[in-house]
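Add chain B to chain A, keeping to what the hints say.
There are 2 protein chains.
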Amino acid sequence: MSKVAFLLANDFEDSEMQVPYDEVKKAGHDVEIIGLKAGETLKGKGGKASYTSDKAISEVSASDYDAVVIPGGSSPENLRTDANILKFVTEINSAKKPIAAICHGPQILASADLLKGRTITSYPPLKDDMVNAGAEFKDHEAVVDGNYITSRTPADEPAFVRELLKVI
Amino acid sequence: MSKVAFLLANDFEDSEMQVPYDEVKKAGHDVEIIGLKAGETLKGKGGKASYTSDKAISEVSASDYDAVVIPGGSSPENLRTDANILKFVTEINSAKKPIAAICHGPQILASADLLKGRTITSYPPLKDDMVNAGAEFKDHEAVVDGNYITSRTPADEPAFVRELLKVI
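Those protein sequence lines, which keep their order, are chains A and B. The first sequence: position 46 = 46 (this note's numbering), numbered continuously. The second sequence: position 25 = 193 (this note's numbering), numbered continuously.
Chain A with its partners taken away, still in its complex shape (with noise of 0.2 angstroms):
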């Protein structure tokens, strides 16, 4: 089984993060919230979901989790200008861990200059912000490249999960 980081902050889309973080619960994986600060209440865009923070991103280490999940909504907004956000991603990508970043999550991988080469997809809206970044953008409802999987909106939750549990 294995330990999984949901990178939070508030304004996500609701369903994005419900969705992957009940499945991969479900699934027999640890989970754990990661916010900016620990403790913290985080709330959903929609007014559906909220969340309590487990831990602050200063506080973790890349080595303890096995891989990551970034759901979308303004939340990847309010954590992509944060440098331990940053650097937290950018090792789990030197480990080869499986992130995962639906919507707007692949701004934070935008931010941490992960995309270079890579082949992804996001809230398609922001293309050509990803394209700028170095991407290539392919519009499909999941997108698996080496320990990427990127989707696009919350209709895509369920191929997004499936390609998650796959590698996880």
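Calculated directly from the structure, the hints in this document are not laboratory data. The model shown is predicted, which means the values in this text are computed figures rather than measured ones. One or more hints might be untrue.
SDA-like cross-link-like pairs, simulated, lysine to any residue; straight-line CA separation at most 20 angstroms [unchecked claim]: (1) Lys43(A) with Gly215(B); (2) Lys295(B) with Gly134(A); (3) Lys213(B) with Asp11(A); (4) Lys127(A) with Val299(B); (5) Lys264(B) with Val228(B).
Just chain B now, with coordinates in the frame of chain A:
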């Protein structure tokens, strides 16, 4: 007096539309709201403002306007994938007419490939996307570079409007 186009879609940042729109109108200029469709009710993400689009982007010409204003929120994401929107701002820029974009507004300039060699600001978490699109990024309340006026957040609205009113 100038004729000023406001580019608007759903989920705009309420005050980033309201404040410039009211101030530009109060200063005696003609204002028109251009959306993806004509006669559509467009709602702010904060639920505080709603506007009806005067015209569809497909039926207007850049030569009919003296300047364009692009409010932020998720509205620019909803507009940046439309080819007519990108053509419109490209033609406005070719004619060296003012383009004022606040918060997420510069996402449209990124998708129109109009940021190479330009100095701008935007909602700060978008900095990496702006730099990847070729811009030099400044973290100021209002950045004026030739015909571009850009600002970061609702707090910058007074500076944004002040610089806009100087050039129209």
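Hint check results:
1. With a C-alpha separation of about 18 angstroms, the suggested pair lysine 43(A) and glycine 215(B) falls inside the 20 angstroms cut-off, and the hint holds.
2. About 16 angstroms separates the Cα atoms of lysine 295(B) and glycine 134(A), which keeps this hinted pair within 20 angstroms; it holds.
3. The straight-line distance between the Cα atoms of lysine 213(B) and aspartate 11(A) is roughly 12 angstroms, inside the 20 angstroms bound, and the hint therefore holds.
4. Using a Cα cut-off of 20 angstroms, the hinted pair lysine 127(A) and valine 299(B) holds, with the two alpha carbons roughly 15 angstroms apart.
5. This hinted pair checks out: lysine 264(B) and valine 228(B) have alpha carbons roughly 18 angstroms apart, not beyond 20 angstroms.
The earlier numbered hints are all upheld by this structure, with none contradicted.
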